[in-house]
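Q: Could you slot chain C onto chain U? The hints should help.
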Amino acid sequence: ETGVTQTPRHLVMGMTNKKSLKCEQHLGHNAMYWYKQSAKKPLELMFVYSLEERVENNSVPSRFSPECPNSSHLFLHLHTLQPEDSALYLCASSRTGQGYTFGSGTRLTVV
Amino acid sequence: DQQVKQNSPSLSVQEGRISILNCDYTNSMFDYFLWYKKYPAEGPTFLISISSIKDKNEDGRFTVFLNKSAKHLSLHIVPSQPGDSAVYFCAASDGAQKLVFGHGTRLTINP
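Going down the list, the protein sequences come from chains U and C.
Here the first sequence is numbered in my numbering, starting from 1 and rising by one per residue.
Here the second sequence is numbered in my numbering, starting from 1 and rising by one per residue.
Treat the hints as calculated values from the structure; they're not laboratory data.
The beta-carbon is built from N, C-alpha and C at its ideal position, and this holds for glycine as well.
Hints may contain errors.
[What the hints assert, rightly or not] So the derived label-pair ranges between C-beta atoms look like this: (1) C:S8 <-> U:T16: 18 to 26 Å; (2) U:V111 <-> C:A41: 14 to 22 Å; (3) C:E15 <-> U:H10: 26 to 34 Å; (4) C:G83 <-> U:L27: 49 to 57 Å; (5) U:H73 <-> C:A41: 19 to 27 Å; (6) C:A41 <-> U:R54: 25 to 33 Å; (7) C:K56 <-> U:T16: 49 to 57 Å; (8) U:N57 <-> C:E15: 28 to 36 Å; (9) U:T16 <-> C:S69: 50 to 58 Å.
[As the list claims (entries may be wrong)] Straight-line distance between alpha carbons at most 27 Å, and here's what the computed BS3-like set of lysine-lysine pairs gives: (10) U:K41 <-> C:K71; (11) C:K98 <-> U:K40; (12) C:K71 <-> C:K5; (13) U:K40 <-> C:K56; (14) C:K98 <-> U:K22.
So here's chain U without its partners, still in its complex pose (with noise of 0.2 Å):
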């Protein structure tokens, strides 16, 4: 365990449903990210929240909406997911400055 808690660890999910990513963290950081990593890509940062406002938001498609009610906890809600978006999911937190403490990741796979 890392700090940083990830669940579900694998979903599989049709590209009409939705679903919610979930991040847990209790270090005390006061920034956290979501990031994606596809096969044979590197690591994508897709959004920032510090001090619970987001700061950072790459061009991600709509169908991906972050949310962190507060500084221990950030959501990835999923809609209308396409099969491309299939990816492990990575949530980090860090404190300002320093360097991030990663989850384990959610496998998502898109049927």
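A: Relative to chain U, chain C alone:
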């Protein structure tokens, strides 16, 4: 524009020998560098970091070297062990919240 580059997608090293993973960066504002290690189906885990005020940082079998004039850093693992087989990501920060990651290098340690 890839600001952090790991030009070797893969590297094979014999057990007991030295593994050297390389990373180049283009942004002269980067002042903090990290290496992460990632096993399949898991999130990246922090390995070692170095601040731009240093040129070397050592932690057990792992040493990171920084050459600011060349904008180059490297991770040395000696002696290499089978459990070191993983994907290694180089990351850099300019003091702001966001880390920029390289594409990763897959290290395989052969018995």
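Q: Using the C-beta atoms of S8 (chain C) and T16 (chain U), is the stated range 18 to 26 Å upheld?
A: violated, 42 Å
Q: Compare the distance between the alpha carbons of K98 (chain C) and K22 (chain U) with 27 Å, and conclude whether the hinted pair is satisfied.
A: holds, 21 Å
Q: Do the beta carbons of N57 (chain U) and E15 (chain C) sit within 28 to 36 Å of each other?
A: violated, 44 Å
Q: Quick check: does the Cβ-Cβ distance between E15 (chain C) and H10 (chain U) fall within 26 to 34 Å?
A: holds, 32 Å
Q: Just to be sure I understand the hint, the distance between the Cβ atoms of A41 (chain C) and R54 (chain U) should be within 25 to 33 Å; is that true here?
A: holds, 28 Å
Q: Hint says 19 to 27 Å; check whether the CB-CB distance for H73 (chain U) and A41 (chain C) agrees.
A: holds, 23 Å
Q: Are T16 (chain U) and S69 (chain C) spaced within 50 to 58 Å by their CB atoms?
A: The hint (50 to 58 Å, Cβ to Cβ) holds, given that T16 (chain U) and S69 (chain C) are roughly 55 Å apart.
Q: Does the Cβ pair G83 (chain C), L27 (chain U) satisfy 49 to 57 Å?
A: violated, 26 Å
Q: Could one say that the CB atoms of K56 (chain C) and T16 (chain U) fall in the range 49 to 57 Å?
A: About 54 Å separates the Cβ atoms of K56 (chain C) and T16 (chain U), which means 49 to 57 Å holds.
Q: Holds or violated: K71 (chain C) with K5 (chain C), Cα cutoff 27 Å?
A: holds, 11 Å
Q: Is it true that the CA of K41 (chain U) sits at most 27 Å from the CA of K71 (chain C)?
A: holds, 23 Å
Q: K98 (chain C) and K40 (chain U) were given as a pair; does the straight-line alpha-carbon distance stay at or below 27 Å?
A: This hinted pair holds, its Cα atoms lying about 22 Å apart.
Violated hints, listed in ascending order, are 1, 4, 8 and 13; each of the other numbered hints is respected by the structure.
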